[in-house]
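A.B. asks: As they're listed, the protein sequences go chains A and B.
For the first sequence, the working numbering assigns the number 1 to the initial residue and increments by one for each residue that follows.
For the second sequence, the working numbering assigns the number 1 to the initial residue and increments by one for each residue that follows.
Watch out, some of these pointers could steer you wrong.
To be verified - Under the rule of at most 30 Å between Cα atoms (straight-line distance), these lysine-lysine pairs were calculated in the DSS-like manner:
| no. | chain 1 | residue 1 | chain 2 | residue 2 |
| --- | --- | --- | --- | --- |
| 1 | A | Lys156 | A | Lys199 |
| 2 | A | Lys549 | B | Lys369 |
| 3 | B | Lys127 | B | Lys199 |
| 4 | B | Lys237 | B | Lys248 |
| 5 | A | Lys454 | B | Lys551 |
| 6 | A | Lys551 | A | Lys156 |
| 7 | A | Lys213 | A | Lys248 |
| 8 | A | Lys127 | A | Lys549 |
| 9 | A | Lys549 | B | Lys454 |
| 10 | A | Lys551 | B | Lys369 |
| 11 | A | Lys551 | B | Lys454 |
| 12 | B | Lys156 | B | Lys127 |
| 13 | A | Lys546 | B | Lys454 |
| 14 | A | Lys369 | B | Lys543 |
| 15 | A | Lys546 | B | Lys369 |
| 16 | A | Lys369 | B | Lys551 |
| 17 | A | Lys454 | B | Lys546 |
| 18 | B | Lys127 | B | Lys237 |
| 19 | B | Lys543 | A | Lys543 |
| 20 | A | Lys369 | B | Lys549 |
| 21 | B | Lys213 | B | Lys237 |
| 22 | A | Lys369 | B | Lys546 |
| 23 | A | Lys127 | A | Lys103 |
| 24 | B | Lys199 | B | Lys103 |
| 25 | B | Lys237 | B | Lys199 |
| 26 | A | Lys543 | B | Lys369 |
| 27 | B | Lys549 | A | Lys454 |
| 28 | A | Lys546 | B | Lys543 |
| 29 | B | Lys127 | B | Lys551 |
| 30 | B | Lys546 | A | Lys543 |
The hints are simulated quantities; they were obtained by calculation from the structure and are not laboratory data.
Quantities reported herein were computed from a predicted structural model and do not represent experimental measurements.
Number of protein chains: 2
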Amino acid sequence: MRDSNYVIGIDFGTESGRALLVEVATGREVATAVHPYANGVIDDVLPGSQIRLEPDWALQDPNDYIEVLKQAVPAVLRESGVDPADVIGIGVDFTACTILPVKRDGTPLCFLPEFRDRPHAWVKLWKHHAAQPEATRLNAIAARDGYDFLPRYGGKISSEWFVPKVWQIMDEDPAIYAAADRIIEAADWITWQMTGVEKRNLTTAGYKSIWHKRDGYPPPAFFRALDPRLETLVTEKMSTDVYELSEKAGGLTAEAAAWMGLRPGTAVAVATADAHAAVPAAGVSEVGRMVIIMGTSNCHMVLSEEEHIVPGMCGYVEDGIIPGFFGYEAGQACVGDHFAWFMENCVPVAYTAEAESRGISLHDLFEEKASTLRPGESGLVALDWWNGNRSVLVDVDLTGVIVGMTLATRPEEIYRALIEATAYGTRVIIDAFVDHGVRVDEIVATGGLPDRNKLLMQIYADVTGRPIKVAGTRQGGAFGSAMHAAVAAGGYATLREATHAMARLRDEQYEPTPAASAVYDQLFAEYLRLHDYFGRGGNDVMKRLKGLKAKVLSGE
Amino acid sequence: MRDSNYVIGIDFGTESGRALLVEVATGREVATAVHPYANGVIDDVLPGSQIRLEPDWALQDPNDYIEVLKQAVPAVLRESGVDPADVIGIGVDFTACTILPVKRDGTPLCFLPEFRDRPHAWVKLWKHHAAQPEATRLNAIAARDGYDFLPRYGGKISSEWFVPKVWQIMDEDPAIYAAADRIIEAADWITWQMTGVEKRNLTTAGYKSIWHKRDGYPPPAFFRALDPRLETLVTEKMSTDVYELSEKAGGLTAEAAAWMGLRPGTAVAVATADAHAAVPAAGVSEVGRMVIIMGTSNCHMVLSEEEHIVPGMCGYVEDGIIPGFFGYEAGQACVGDHFAWFMENCVPVAYTAEAESRGISLHDLFEEKASTLRPGESGLVALDWWNGNRSVLVDVDLTGVIVGMTLATRPEEIYRALIEATAYGTRVIIDAFVDHGVRVDEIVATGGLPDRNKLLMQIYADVTGRPIKVAGTRQGGAFGSAMHAAVAAGGYATLREATHAMARLRDEQYEPTPAASAVYDQLFAEYLRLHDYFGRGGNDVMKRLKGLKAKVLSGE
Numbered sequence: 001m002r003d004s005n006y007v008i009g010i011d012f013g014t015e016s017g018r019a020l021l022v023e024v025a026t027g028r029e030v031a032t033a034v035h036p037y038a039n040g041v042i043d044d045v046l047p048g049s050q051i052r053l054e055p056d057w058a059l060q061d062p063n064d065y066i067e068v069l070k071q072a073v074p075a076v077l078r079e080s081g082v083d084p085a086d087v088i089g090i091g092v093d094f095t096a097c098t099i100l101p102v103k104r105d106g107t108p109l110c111f112l113p114e115f116r117d118r119p120h121a122w123v124k125l126w127k128h129h130a131a132q133p134e135a136t137r138l139n140a141i142a143a144r145d146g147y148d149f150l151p152r153y154g155g156k157i158s159s160e161w162f163v164p165k166v167w168q169i170m171d172e173d174p175a176i177y178a179a180a181d182r183i184i185e186a187a188d189w190i191t192w193q194m195t196g197v198e199k200r201n202l203t204t205a206g207y208k209s210i211w212h213k214r215d216g217y218p219p220p221a222f223f224r225a226l227d228p229r230l231e232t233l234v235t236e237k238m239s240t241d242v243y244e245l246s247e248k249a250g251g252l253t254a255e256a257a258a259w260m261g262l263r264p265g266t267a268v269a270v271a272t273a274d275a276h277a278a279v280p281a282a283g284v285s286e287v288g289r290m291v292i293i294m295g296t297s298n299c300h301m302v303l304s305e306e307e308h309i310v311p312g313m314c315g316y317v318e319d320g321i322i323p324g325f326f327g328y329e330a331g332q333a334c335v336g337d338h339f340a341w342f343m344e345n346c347v348p349v350a351y352t353a354e355a356e357s358r359g360i361s362l363h364d365l366f367e368e369k370a371s372t373l374r375p376g377e378s379g380l381v382a383l384d385w386w387n388g389n390r391s392v393l394v395d396v397d398l399t400g401v402i403v404g405m406t407l408a409t410r411p412e413e414i415y416r417a418l419i420e421a422t423a424y425g426t427r428v429i430i431d432a433f434v435d436h437g438v439r440v441d442e443i444v445a446t447g448g449l450p451d452r453n454k455l456l457m458q459i460y461a462d463v464t465g466r467p468i469k470v471a472g473t474r475q476g477g478a479f480g481s482a483m484h485a486a487v488a489a490g491g492y493a494t495l496r497e498a499t500h501a502m503a504r505l506r507d508e509q510y511e512p513t514p515a516a517s518a519v520y521d522q523l524f525a526e527y528l529r530l531h532d533y534f535g536r537g538g539n540d541v542m543k544r545l546k547g548l549k550a551k552v553l554s555g556e
Numbered sequence: 001m002r003d004s005n006y007v008i009g010i011d012f013g014t015e016s017g018r019a020l021l022v023e024v025a026t027g028r029e030v031a032t033a034v035h036p037y038a039n040g041v042i043d044d045v046l047p048g049s050q051i052r053l054e055p056d057w058a059l060q061d062p063n064d065y066i067e068v069l070k071q072a073v074p075a076v077l078r079e080s081g082v083d084p085a086d087v088i089g090i091g092v093d094f095t096a097c098t099i100l101p102v103k104r105d106g107t108p109l110c111f112l113p114e115f116r117d118r119p120h121a122w123v124k125l126w127k128h129h130a131a132q133p134e135a136t137r138l139n140a141i142a143a144r145d146g147y148d149f150l151p152r153y154g155g156k157i158s159s160e161w162f163v164p165k166v167w168q169i170m171d172e173d174p175a176i177y178a179a180a181d182r183i184i185e186a187a188d189w190i191t192w193q194m195t196g197v198e199k200r201n202l203t204t205a206g207y208k209s210i211w212h213k214r215d216g217y218p219p220p221a222f223f224r225a226l227d228p229r230l231e232t233l234v235t236e237k238m239s240t241d242v243y244e245l246s247e248k249a250g251g252l253t254a255e256a257a258a259w260m261g262l263r264p265g266t267a268v269a270v271a272t273a274d275a276h277a278a279v280p281a282a283g284v285s286e287v288g289r290m291v292i293i294m295g296t297s298n299c300h301m302v303l304s305e306e307e308h309i310v311p312g313m314c315g316y317v318e319d320g321i322i323p324g325f326f327g328y329e330a331g332q333a334c335v336g337d338h339f340a341w342f343m344e345n346c347v348p349v350a351y352t353a354e355a356e357s358r359g360i361s362l363h364d365l366f367e368e369k370a371s372t373l374r375p376g377e378s379g380l381v382a383l384d385w386w387n388g389n390r391s392v393l394v395d396v397d398l399t400g401v402i403v404g405m406t407l408a409t410r411p412e413e414i415y416r417a418l419i420e421a422t423a424y425g426t427r428v429i430i431d432a433f434v435d436h437g438v439r440v441d442e443i444v445a446t447g448g449l450p451d452r453n454k455l456l457m458q459i460y461a462d463v464t465g466r467p468i469k470v471a472g473t474r475q476g477g478a479f480g481s482a483m484h485a486a487v488a489a490g491g492y493a494t495l496r497e498a499t500h501a502m503a504r505l506r507d508e509q510y511e512p513t514p515a516a517s518a519v520y521d522q523l524f525a526e527y528l529r530l531h532d533y534f535g536r537g538g539n540d541v542m543k544r545l546k547g548l549k550a551k552v553l554s555g556e
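Generate coordinates for the entire structure from the input sequences, incorporating the hints supplied.
C.D. replies: Encoded structure:
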């Protein structure tokens, strides 16, 4: 390898794509550029039409992904001054499960005039939740017929995942299903556009499409039980060839190289998913260290050498995060979103005025005020279910609760209670892992929140009773993709080797304080009691309220 | 009676006193004047000293009451131009239980230099809550010894009432107890100051001092069981003479007449309590019509011809509201206070700005926005316990709950959920009355809220399934006192007669809407389930959180 070799990682997020140029030998981040998607998240009207989407829909335009290649990659080359000849590899990670129907040559159906006005021809973004009826039926059938994949996914297949989304197409627009030669993760579609070859990655296959290293996809009988027309889904529109992380998918085509200003033939790594790429980027390639990607939601990733059934997890996949390990994933649906909701809906004018007059953000003001409170002082406990519960209850119909308000309750107490609630949610997840054989000795935090809120980090350390370190990179997905690129291009022999050489942690670290942890143990017991009462059938009031709301809104 | 006779009612509230001059024959309100108490609610530092009060203390200065006589009564005479010779009577109502220790001649101990710096020498206002330890012990002893007065008060004597407050004096400053020749309700103290005679009223004796028409006060053995030094409390410092509502207590002394600019000898009615005075003022002197005084808290008053034990009520007293009936009282500790808390702590700047730019109050803005929501649309249900629960759980340690928040929840939805919660609380009370034999066919609302919030009134009608009428007077206490004065002065033979002649209802009326009531029946069932879970021992999380908070704050 040359002295100054570089790789580029591209992270395709929900609103934009980011390119990051990294030095292979050192992991030094040389340049980064973000390109926002012109059509963003399509959840209201289909672009160029008057067609309104139903609630819970969330689409994207694949052309926006191509534009990221055309804009963000040249931008990092320009900014860095790096010679494209020194860029030895490129890797991508993507939101998942984000899928699209395409023709045999990879052309998205939504690019074709005859399908442009058909919502099902477009990309279904990860947070498209309109396939819930299909997911519900799928889970019932899988449970009834005793398929052993269900426990691997914590007992439920999510409506966000591949099969429910495809089934929704079949249910609602079978002509689109018929016209689609392939239905594919956007992650794999973008590497296909770059290399000219369709190679499906192991990560999204495993975590989102019910693929297993030994067993493969569920058998045709399962798909037939869903809908006879789906029996041939895997063989006709997917592929049983699944490629390992850090493998080379192919070399850049001349056309794709021209888009980006790179050399044709430059190695492109097999794609991966954003959260999974962030694990090696946080320096973790061993057991016992949980990576939490903290942002609008929390994603919890941890490795184990053994296969364990952990109830209520999102799933585990052999080699799905770091080759050689079972990679376990869990999640909380609402973390940063929680605080954003609070800031938008619960902040009195006196606080806004104080933040303005002091020239600080509302987040900083509330962090400061909430920091003066001691654990237990507010008398509040909340359930962090404003966006349902992803782990361990796996129930989108759960909603938020706050208990303990008095006439003396102040906004900063509510704010702190919401932070604490998300920390309790994380502790429920950690306890479930530990109770089922997956070690969690310490936490490495990454994502947007660790930078922004030291109070939150300390509360997480106190509530979980574990030290928390912080990943050096602020771009976990893109950095991890760059690491995969480095391995795919031959810069390192293994991802673990790349992890040790390229990834680093910050000096800052949060240690649990025993006195605070002792109080939080008591509060966590209260949280758990409410969690089980509202979440495990003690009182299904949340579901009934949601049902009543739906009935009222539909005018029945 | 002369053609143009007048009476004056004086309502002694928490922050101020109000005089209202009323025409006897018609009930026409001629003039009103308010005089704020110079020392207001004393809950921080004793006036003229550095002495800090403990939490939960609330005192007043009796001189402030005299100032109301000196300022507000002359003001209504001036404003109305009525000849003092045409004022035939004066009546007063007071917050209760509000008590003070005095010398045999009526001089408050706090007027004496040697006691001025002793907090227990001052008036203990109704919301002085520092006698909770005494109330708790009293209830335990009364239950242990099987006293039959407990069920009359819903099973618990409140810490706000006479005996716990007196016991606190004995516990904490026995010298004050010893120096007090009399301990008396401020209501009776003020008529004493006006007439020169001490006459204790039946209302506060019955509702606040455990007096019963047939049984009188509890026997000496009961007081001895509390504390041997209290055995002689009733005979030495109180009185077994208790006077009926609307009776004449006496005539104005020359001194008191001079304070007010009235004629000596003018009839003064036996005093009463504010909420109880508001019932005839709302035109109610028969069974089946519940008067709800809606303000910072709700007070529910209803009459019955029979004696019923209704669990969790504040109490019932024969002749306590309208002579000839058993008067039942229940209450909610937090209603207007609830909305004030919301306005202070939960209103985002965008709403404040909208209200300002439109020149309307925040209350009006929220009423408007919340009015566009249909019952059940918010998906929220709350427990209205921000200030504990007065009826039917009688538990000050209960706290607030909201269930059902999502990321789409808006402030106006929370606001409406808080209104609905107070309506559910009222329905619990109504159901308890009806289930135990006390009819409630319709509601007459009075107090500050009915004027200010039509949405609230409609929600109460829909939730309770009962029509709601609104009292004509906006000054229920003062108007009711004026009615008592009219009877005491001979203007009417009975209070019922005065009620029919003087009190009126407004034209506006709120009818329950069947569709809304049907939805609210479902939501009320959810409220009840949560009410019983958190309030009847299913999960004592609120008490544990309060205990933990107290421990944390005390630094244990």
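A.B. asks: Between the alpha carbons of Lys237 of chain B and Lys199 of chain B, is the straight-line distance 30 Å or under?
C.D. replies: It holds: about 13 Å lies between the C-alpha atoms, which stays within 30 Å.
A.B. asks: Does Lys199 of chain B sit within 30 Å of Lys127 of chain B, going by the straight-line distance between their CA atoms?
C.D. replies: Holds: Lys127 of chain B and Lys199 of chain B sit about 24 Å apart, inside 30 Å.
A.B. asks: For Lys549 of chain B and Lys454 of chain A, compute the direct alpha-carbon distance and say whether it is at most 30 Å.
C.D. replies: holds, 23 Å
A.B. asks: Between Lys199 of chain B and Lys103 of chain B, is the straight-line Cα distance small enough, at 30 Å or below?
C.D. replies: holds, 15 Å
A.B. asks: Would you mind confirming whether the straight-line C-alpha gap from Lys549 of chain A to Lys369 of chain B stays at or under 30 Å?
C.D. replies: Since the Cα atoms of Lys549 of chain A and Lys369 of chain B sit roughly 17 Å apart, the hinted pair holds (cutoff 30 Å).
A.B. asks: If you draw a straight line from the CA of Lys549 of chain A to the CA of Lys454 of chain B, is it 30 Å or shorter?
C.D. replies: With a Cα-Cα distance of about 23 Å, the restraint between Lys549 of chain A and Lys454 of chain B holds, given a limit of 30 Å.
A.B. asks: Compare the distance between the alpha carbons of Lys546 of chain A and Lys454 of chain B with 30 Å, and conclude whether the hinted pair is satisfied.
C.D. replies: holds, 27 Å
A.B. asks: Is the straight-line distance between the alpha-carbon of Lys369 of chain A and that of Lys549 of chain B 30 Å or less?
C.D. replies: OK: Lys369 of chain A and Lys549 of chain B at ~17 Å, within 30 Å.
A.B. asks: Checking one constraint from the list: CA of Lys213 of chain B to CA of Lys237 of chain B, max 30 Å. Satisfied?
C.D. replies: holds, 19 Å
A.B. asks: Holds or violated: Lys156 of chain A and Lys199 of chain A, Cα atoms, limit 30 Å.
C.D. replies: Satisfied, since the Cα-Cα distance of roughly 27 Å is no more than 30 Å.
A.B. asks: Hint check: Lys369 of chain A vs Lys551 of chain B, CA-CA at most 30 Å. Holds or violated?
C.D. replies: holds, 21 Å
A.B. asks: For Lys551 of chain A and Lys369 of chain B, compute the direct alpha-carbon distance and say whether it is at most 30 Å.
C.D. replies: holds, 21 Å
In the structure shown, no violation is registered for any of the earlier numbered hints.
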